[in-house]
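Numbering (UniProt numbering), first residue to last: 1 to 238.
Think of the hints as simulated: they come from the structure by calculation, not from any bench. Ideal Cβ placement from N, Cα and C applies to all residues, glycine included.
Label-pair distances were calculated between CB atoms; the ranges are:
| hint | residue 1 | residue 2 | range |
| --- | --- | --- | --- |
| 1 | H187 | R144 | 21 to 27 Å |
| 2 | D155 | K37 | 17 to 23 Å |
| 3 | R207 | S36 | 40 to 46 Å |
Using 25 Å as the maximum straight-line C-alpha spacing, the simulated DMTMM-like pairs for lysine to aspartate or glutamate come out as follows:
| hint | residue 1 | residue 2 |
| --- | --- | --- |
| 4 | K95 | E137 |
| 5 | K37 | E23 |
| 6 | K185 | E196 |
| 7 | K40 | E154 |
| 8 | K95 | D155 |
| 9 | K95 | E189 |
| 10 | K37 | D155 |
| 11 | K40 | E18 |
| 12 | K95 | D160 |
| 13 | K40 | E15 |
| 14 | K95 | E69 |
| 15 | K185 | D160 |
| 16 | K37 | E15 |
| 17 | K95 | E196 |
| 18 | K95 | E68 |
| 19 | K199 | E189 |
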Amino acid sequence: MEETPPAHRTLRVTELLELILLELSVQDIFQAQRVSKQWKAVIESSLPLQQAMWLAPRMPSSPPAQYEEVGIPAHCRLNTVLHSIDSPCCVIATKHFNPNLRLFADGCRIKLMTKGGLCLRMTEENVLVVSNPSDFERFFGAVRSTGENKVTWEDMQLCDPPVTRFGLSIVDPMKSVAYVDGMPKVHNESGIRMGELMKVLLWAQERFAHVLVEQKKPLVFEYATMRQLASRMGVSLK
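Please put together the full structure from these sequences, using the hints given.
Written as structure tokens, this is what we have:
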């Protein structure tokens with residue numbers, strides 16, 4: 001009987017296979033599930049791999065993890081009226097956002113992701129801005145499908161630490177006005193998923209195309225993290 005090559009035997013050791021797969025990109029880990037039933041089982045049962053694939057949130061550190069923020073140059077700010085040249089303007093660091101969200105020239109995902117100050121009523125929540133939903137057209141085909149055609153990226157966490165709810169607005173940044181009537185709100189205690197975000201983007205694009213394109217007004221998702229919600233309720237997350 002022909003002996004199994006050492007490399008093949010190594011990859012049958014679950015712990016070693018997990019360590020090797022953790023060195024791959026997110027896309028490659030997803031693809032690796034197709035290699036064999038054993039690999040698929042290892043990936044599905046491994047918490048570190050599920051976290052690397054953005055399917056499970058990373059556990060908070062001690063002290064509790066916070067969103068890291070980075071400053072952005074003045075010319076990238078959505079609202080130069082509210083944010084003067086001398087005032088600090090920060091965006092949530094790219095590493096906290098799903099890698100499927102495209103990068104713009106200045107390294108910010110979805111144009112701007114700022115904290116407060118975008119318009120007069122948004123002073124506490126984190127804010128996520130989408131200038132043009134059609135930027136995500138490549139996702140909409142999958143969102144329109146149902147049942148067996150559901151793809152794995154739809155289950156990926158939108159943010160890490162997770163975002164548990166958000167509300168949609170259309171904002172006129174120069175007037176500091178947010179239009180919220182009839183806008184959807186999304187709530188998922190286990191964390192908002194990419195599929196949930198894309199469904200709302202598709203809905204907004206189809207319903208408000210004339211506003212978003214012709215008047216050049218951005219979509220804004222005002223969202224709260226698990227920790228923000230817990231803080232309001234007086235609950236301490238360890």
